[in-house]
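Undergrad: Chain by chain, the residues:
Number of protein chains: 2
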Amino acid sequence: MDYGSETLATLVKLFSRMPGIGRKSAQRLALHILKSDPRDAERLGKTILELQTKVGFCESCGSITEAPECAICKDVTRDREIVCVVEGPQDVLILEKTGEYRGLYHVLHGVLSPIDGIGPDDLNLKSLEERVEALNIKEVIIATNPSLEGDTTALYIRKALEAAPCSVTRLARGLPMGGTLEFADDVTLAGALERREKL
Amino acid sequence: MDYGSETLATLVKLFSRMPGIGRKSAQRLALHILKSDPRDAERLGKTILELQTKVGFCESCGSITEAPECAICKDVTRDREIVCVVEGPQDVLILEKTGEYRGLYHVLHGVLSPIDGIGPDDLNLKSLEERVEALNIKEVIIATNPSLEGDTTALYIRKALEAAPCSVTRLARGLPMGGTLEFADDVTLAGALERREKL
Chain D
1 MDYGSETLAT LVKLFSRMPG IGRKSAQRLA LHILKSDPRD AERLGKTILE
51 LQTKVGFCES CGSITEAPEC AICKDVTRDR EIVCVVEGPQ DVLILEKTGE
101 YRGLYHVLHG VLSPIDGIGP DDLNLKSLEE RVEALNIKEV IIATNPSLEG
151 DTTALYIRKA LEAAPCSVTR LARGLPMGGT LEFADDVTLA GALERREKL
Chain F
200 MDYGSETLAT LVKLFSRMPG IGRKSAQRLA LHILKSDPRD AERLGKTILE
250 LQTKVGFCES CGSITEAPEC AICKDVTRDR EIVCVVEGPQ DVLILEKTGE
300 YRGLYHVLHG VLSPIDGIGP DDLNLKSLEE RVEALNIKEV IIATNPSLEG
350 DTTALYIRKA LEAAPCSVTR LARGLPMGGT LEFADDVTLA GALERREKL
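As you go down the protein sequences, you meet chains D and F in turn. According to my numbering, the first sequence holds residues 1 to 199 in order. According to my numbering, the second sequence holds residues 200 to 398 in order.
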């Protein structure tokens, strides 16, 4: 489309490549920036330019941090005998929000996906085995997403840690709170029936 | 929320202020930029920084352009006796996409909205009257949005151009193609009944 401006067209194109942003949303964002306070636009541009140089990943667990080690790994009040394995840094944020978990994390930065050519060496897996041994971890909770890839990755990790003296668990499967049987998919419903709990 | 990084937290905050972007989407966008190719992130940041300095509005019609006058106003093959009045630059893009309109545009950069303190002087209205006279315009098509503010603005323009020797029209109202009576709102349906057309 002819936006009347190369710069605007470029920005729309760059935004529309981002996850969850279609052409119309990209256009709306770009026009919003065009009309916004110049100081806000400058702050946004500069923050994006700084992001990758300032922000890195924790050398222990792979979480987001601006220091070599993240705040959770440095926090001595946390339970250091339990580690929760997640796919991406966003999952750490989600789990922390529940306030239920007080152990450490380990971020894989992906999942096993042969179809996309992603194997064990492409993930932050080797260091998980090293950490489990070095920290004398008692339990590894696998919190990959409930998907084919997430389950494959979970099974791979269980096998990789077979020799380690720790238990390996994964998040419970079943009906989500607030959902209805009517809208649950077959796999979820069949699984919930099979894993039924005593009341 | 603790993102483990001030820079990331700032970017999430800036994105979540944008139209149609909630906290979760903002987080997804910021993490996407963090993980993206450094050249892409740099290009995005720089384009945003350049946007407001490079891109401006046509001094004739108010459309987006990087030159003093936009491509449509400069195009001698377009019908220069008809002008279509729209709320924002995005509306020019939308109407151009239909390929149905060959006249000029006039971008108001807003709508009359007493509740938000937006009066005639805040819009690109004065120059519309001047253009209608200078270009000897024969028809002014008002294409403001079908809303209370859009209609108020349309009526204001009709009144302002009362003395001008041009006809003032507005886009047809009625049922949208592909819609169903069941899901049409009362105002649309009542209006469609009132403005029924001979078959």
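A couple of the hints might just be wrong.
As the list claims (entries may be wrong) - Listed next, the stretches of chain F that the computed footprint assigns to chain D, with coverage defined by at least 3 CB atoms under 8 Å from CB atoms of chain D:
1. 228-235
2. 250-260
3. 263-274
4. 315-323
Rather than coming from a laboratory, the hints here were simulated on the basis of the structure. For glycine and all other residues, C-beta sits at the position ideal for the given N, C-alpha and C.
Undergrad: Each of the hints needs a verdict: does it hold here or not?
TA: Okay, the hints, checked on the actual structure:
no.	hint	in the structure
1	228-235	holds (count 6)
2	250-260	holds (count 5)
3	263-274	holds (count 6)
4	315-323	violated (count 0)
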